[in-house]
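If you count the sequence shown from 1, you need to add 96 to reach my numbering.
Keep in mind that the hints were calculated from the coordinates and are not lab data. Mixed in with the good hints, there may be bad ones.
Stated by the list, open to error - Here are the computed distance ranges between Cβ atoms for each label pair: (1) F386 / E236: 36 to 42 Å; (2) F386 / Q314: 17 to 23 Å; (3) L248 / D329: 33 to 39 Å; (4) S230 / E280: 24 to 30 Å; (5) G290 / Q314: 24 to 30 Å; (6) R281 / E197: 25 to 31 Å.
Since the structure is predicted, the reported quantities are computational estimates derived from the model, not experimental observations. In this text, a Cβ means the ideal position worked out from N, Cα and C, and glycines have one as well.
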Amino acid sequence: MSNLESKDSKAADQNSRELVIVLRVNPRFAPATRLLWHAGVLGALEGIARHGFQAAEIWAQHLWESQADVGEVAGIAAQLGLALSLHAPSYDLNPLSSNLEILRVSRTQVLASLETAERIGARSVVVHPGQLSSSTDDVEEYWKHLEDWIGLLNDKAAELDLSVALEGMERKRLQFVTGVSALERLARICTSLGANRVSIALDIAHAGTLGDPLDFLQRVPRITHAHLSDTSDEKTHALLGEGRLELAQIIPALLKRIESTPHGLIAIEGRLASDEPRALRVAAAYLEKF
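Generate coordinates for the entire structure from the input sequences, incorporating the hints supplied.
Here is the structure:
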């Protein structure tokens, strides 16, 4: 049994749940369960619904550490009326690694997470594209490996009737799938391969470390999913309204783009480890006006 399918011995009785919905926000906004990491996946889903959200993005790593039963997760999400996406495992993984064992394990875990997504009722899976193993490596070799990886992801997604969104990364050492030109190239690769199950997830905070997120929205094709948080010089993923991004202009443009896709979601990030519930309260209050 894989970690993604482990049992949750502490799961609460579904029939005992009574929620008071305090507000309703746009159904495309989907807080990540990692915002309420210490509540576990089931507790996070309840908290997300309680704050008026109608969708959530479950982190595979959170699912593992919660030891949540995937059947119960699917049942609770359906009971709460939550549409789901899944963030594939990424911690310590690199599906493009020059170390073949790391590459193998990384791809195995990510592909297994697509099966988990299908079991919990998620329609899409967000996947980190991979990175250089060394700053001295030839980046063109990694683009070739990424093409192969996209083909495998597309085949698995087609088998399970899912979509995969490869996430644009931030300005950071060893990352190469980052700026507008890189994401345009990624979109061209998907088109040339006929990988109609693979698209792009635009992370607004990541884009904000590289330039103007509105420029990404205007120029990058195949965006079907997004991550939303503010950003600051001190913290890549800051709470909404507590960074330097012009979110009042960005969010309407982002919504217009995502609402043009059948199942696209905007996952809310910006975890506050010292006060996890506050991050969700801030997000709900900030997004109510959109």
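Hints, one by one, checked against the model:
{"no.": "1", "hint": "F386 / E236: 36 to 42 Å", "verdict": "41 Å, holds"}
{"no.": "2", "hint": "F386 / Q314: 17 to 23 Å", "verdict": "19 Å, holds"}
{"no.": "3", "hint": "L248 / D329: 33 to 39 Å", "verdict": "38 Å, holds"}
{"no.": "4", "hint": "S230 / E280: 24 to 30 Å", "verdict": "25 Å, holds"}
{"no.": "5", "hint": "G290 / Q314: 24 to 30 Å", "verdict": "26 Å, holds"}
{"no.": "6", "hint": "R281 / E197: 25 to 31 Å", "verdict": "28 Å, holds"}
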